[in-house]
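Okay, here's what each chain looks like letter by letter:
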Amino acid sequence: MYRTLRVCSSGGGFEALPEPPRPVDLARIRAALEEAHVPVLDARVMLIATLEVEVTISRAGRLLFKTADPAMADRAFGRLRPLLEGGALGGGPAGHD
Amino acid sequence: MARGVMLMSGGIDSPVAMHYLLRQGHELLAVHMDNRPFTDDSPLSKVVDHLTILRERYHQPIRLYVVPHGSTQVTLMRETDRHVGCVLCRRFMWRSAERVAEREGATFLVTGEALGQVASQTLSNMRSATASVHLPIVRPLIGLDKQEIEAVARSIGTYEISTRPGVCCQAVPDKPATRSNLVQILREEERLDVEQIIDDCVRKAVIL
Numbered sequence: 000m001y002r003t004l005r006v007c008s009s010g011g012g013f014e015a016l017p018e019p020p021r022p023v024d025l026a027r028i029r030a031a032l033e034e035a036h037v038p039v040l041d042a043r044v045m046l047i048a049t050l051e052v053e054v055t056i057s058r059a060g061r062l063l064f065k066t067a068d069p070a071m072a073d074r075a076f077g078r079l080r081p082l083l084e085g086g087a088l089g090g091g092p093a094g095h096d
Numbered sequence: 000m001a002r003g004v005m006l007m008s009g010g011i012d013s014p015v016a017m018h019y020l021l022r023q024g025h026e027l028l029a030v031h032m033d034n035r036p037f038t039d040d041s042p043l044s045k046v047v048d049h050l051t052i053l054r055e056r057y058h059q060p061i062r063l064y065v066v067p068h069g070s071t072q073v074t075l076m077r078e079t080d081r082h083v084g085c086v087l088c089r090r091f092m093w094r095s096a097e098r099v100a101e102r103e104g105a106t107f108l109v110t111g112e113a114l115g116q117v118a119s120q121t122l123s124n125m126r127s128a129t130a131s132v133h134l135p136i137v138r139p140l141i142g143l144d145k146q147e148i149e150a151v152a153r154s155i156g157t158y159e160i161s162t163r164p165g166v167c168c169q170a171v172p173d174k175p176a177t178r179s180n181l182v183q184i185l186r187e188e189e190r191l192d193v194e195q196i197i198d199d200c201v202r203k204a205v206i207l
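Residue numbers (numbering that gives the first Met the number 0), protein chains in the order written: chain A, 0 to 96; chain B, 0 to 207.
No lab work stands behind these hints: they were computed from the structure.
Values in this document were obtained by computation on a predicted structure and should not be read as measured data.
Glycine included, each C-beta is placed from N, C-alpha and C at the ideal position.
Hints should not be assumed to be uniformly reliable.
What the hints assert, rightly or not - Quick look at which bits of chain A chain B covers, simulated, 3 or more residues with Cβ under 8 Å:
no., segment
1, 17–30
2, 40–48
3, 63–72
Construct the complete structure from the given sequences, taking the supplied hints into account.
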């Protein structure tokens, strides 16, 4: 469902898009994140979760990782991807500021 | 000369607009609407760096109000029609700027808006957004095109700051309305406690 992580258009973060386009169940995602004690803000049309980096998860399935560090973005993507594709959140440290 | 409040976004346009008015000798304060967590730190850092240049160039202290706007964005997303999210957001920005102006004895508001660059800058959306305030609004860049604005930004040293990498505001709707009418906007705002939201945000502003 998600193929690649790429630099976002304004260059300050990394984004991943579902291919083909597919909306995500934000309620399920939120519940799973909260169960894993990941801080998450629910803005109804998107979630903002704090993993290793802060990530925005839109209703359309777009992920935006707010970091210029590709390794950090990749780690957070690696954790989130299974959850977004129907499975469970990948292992890793809890979110931090 | 008069005292005004300038909305500063961190983009290319706002420092150029500020430059034009400072050059005329007006006194300005700056207001930055802090959209975190819907963006990163880059807009604020750009605004701070813009003001460093302009303060030195025009020998004005230019006080900066950093007004938290993220919680307002959450409320708008949860409670209102997303298609008019940009207009509603702008109305809260204007109101916050006007509240700061009232506090500081400023008599006008300033923006770097040009016509038609983004959804919020169509005439109908501008009208809907600015109907939320009473102070006159000055738009020094309204007659300039993008290339002209960029040329001025380069000449005053703010272009490179404005174009540093950053994260775009995630609160922008996927399909923002390019036309709106005030009746529709007011109906959306009936769901909100507008005055309380503005009071909370301006009270929590950090002054730099």
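Tested hints:
1. 17–30: violated (count 0)
2. 40–48: holds (count 6)
3. 63–72: holds (count 3)
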